[in-house]
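A.B. asks: Listed here are the chains, written in short residue letters.
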Amino acid sequence: MKRQVPLVLCFLFGVGIILTRFSPHPYSQFFYEEVNSWVLIITPFALVLATVTLIRAHVTRIRRRTEYWQYSFIVFAGIITMVVIGVPYGPQHFVFEWLFNNIQVPMDATMFSLLAFFIASAAYRAFRARSFEATLLLVTAIIVMLGNVPVGDLIWSETSSVKQWILNNPNLSARRGIILGVSLGVISQSIRIILGIERSYLGGGD
Amino acid sequence: MIKITQWTVVCLVLCLSISTAFSQGLSPPANVTAVDTANDDGSSITLKWDAAPEDSGISGYQILRRIADGDLEEIGELLPAGTTTYVDSSIEKGSAYAYAVRAVSETEATVDSEQTAPVKGTGEWFHTGKISLFTAMLLFGAVIVWNIYYARSGKDIFVRRIPGLEAVDEAIGRATEMGRSILYTLGLGRVDDVPTIASMTILGQVARRTADYETPLRVPCRDPIVMNVVREVVRTAYLDEGRPDVYNEENVFFVSESQFAYAAGVDGIMLREKPAAIFLQGQFFAESLILAETGNSIGAIQIAGTDSEHQLPFFIAACDYTLIGEELYAASAYLSREPMLLGSLRGQDWGKVLIFITMILGVILELSGVNWITTLLQKVN
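Going line by line, the protein sequences match chains W and G. Sequential numbering of the first sequence, starting at 1, is according to our numbering. Sequential numbering of the second sequence, starting at 1001, is according to our numbering.
In short, the hints are calculated from the structure, not lab data. Note that beta-carbon positions come from the ideal geometry of N, C-alpha and C, so glycine has one too. Incorrect hints may appear among the rest.
Rough simulated footprint, nothing fancy, chain G against chain W, three-plus residues with beta-carbon under 8 Å [unchecked claim]: (1) 33-47; (2) 72-85; (3) 115-122; (4) 144-153; (5) 171-185.
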């Protein structure tokens, strides 16, 4: 019974939501929007639970004096500051906005900018011409990179045309092949979930 | 005095004649029809009328609308000459509207068409433009269901070797031998994203093995709901293996909902705890390479898998094994070897064969000048 009820609900709502994509009737659209909005009800409860686990994890770190445990105090300082300002005054309060724009946003940007260095190190490994495939990748990458910068056309006037051909033909064909496989995989996975064959979301491995 | 009166009369007659001549030249829009817009939710009415000849002198059209017993009112902007359709999306559902189309000349002379019969906007229960898609969905669904039942009969189903999944045992074994933990991340997907659900299935299989070997399994989560579901997945896997004592709830934890804060948190865990094996399975975005390169820098064996074709090159460059696209969805069948899951995998391949046949047939027919397959696919789109 503990498993049958969620499976029946999953089947009914799964089939119902699929049918709404083929029915423009207002009742159908209402059902679709209503069911989607229920997710918003679950999220705050789950978020509270998640925040509790985060706090517990950092309390444990401090208590056990694990490596870099001092940084856990920064986590608490961040949570307390944002809650103290955000809950009574709302996210539009100037202090809240200032903290967000001057701490959170630059930190996000810093992490994102690290990507440039990681791309360089990954490319260095990937482009080492140790095999035929790696050499092919290296040559292709050089053409595409040169085709993206003005100096490429100065070296050889056809660089950007060759780059575009690579992107439009072999690259796009491979991408479409992957997309096709993924789409069929998603449909297949969805059918397995709706029919109750795939039950991992209920907490079981099968 | 008589002369002035005569001149005034002449001028008036002249003006009247010119005006009549102009209004006679400006014909009213013909065959104006108003119908409920097909395949919508009943929130619009479509008007159509015949195109006026080029020398008609019409410079634009103004739509007039009347509700029940009310008067005609102008709605919307002046439409350019040459327009023959108008979709009125500003109606109230359930109310009947009558329409007229006013032709406007360059001299701002106007002439109205006949009023249409009142019409109501009603929502359709089935989108007739999606019949092809609906049929394709039913066909593909039927193929998968048939293959699932075929597999239940106990017939042997061949599944090609997937190196990324073959390496799962190797990765877990390595972590166990080294006495280090395994890090499993499901990416940034929400619980309703199919890659996240596929990742949970793989996690269930990984958790069964880590339960057997008593290897710590750490799962940092980005989504609170995913975290709660993942806890259940891991707990059940440990229970199924008869090792509930090894399960530690605190090993499945929330990091942050922010994309890069999550990436920073997971990177920190990698650098501090130095897990021997890292699984990156699910939905990833710009943080994919940040995570994979950090994992690479600590020398962990990495098995990645995502359906995002933009992130796949990064994983291929930085990870030891990568599940490419559909392989992520094949993982549950591959690892569990359960006949019904293998059957669905076979059905998936049949779907691919059907699509390939359609593509080849479409190309041949298109080259022969027959384009009904292209037209059909455009309708599906």
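A.B. asks: At a Cβ distance under 8 Å, does chain G reach at least three residues of the region 171-185 of chain W?
C.D. replies: holds (count 8)
A.B. asks: Please count how many residues of the region 72-85 of chain W have a CB within 8 Å of a CB from chain G and say whether that reaches 3.
C.D. replies: violated (count 0)
A.B. asks: According to a criterion of three or more residues whose C-beta lies within less than 8 Å of a C-beta of chain G, is the region 115-122 of chain W covered?
C.D. replies: Three-residue rule met by the region 115-122 of chain W, so holds; n is 5.
A.B. asks: For the region 144-153 of chain W, do three or more residues have a beta carbon lying closer than 8 Å to a beta carbon of chain G?
C.D. replies: violated (count 0)
A.B. asks: If you look at each residue in the region 33-47 of chain W, do at least three have a Cβ nearer than 8 Å to any Cβ of chain G?
C.D. replies: holds (count 5)
Going through the hint list in order, the structure does not satisfy hints 2, 4.
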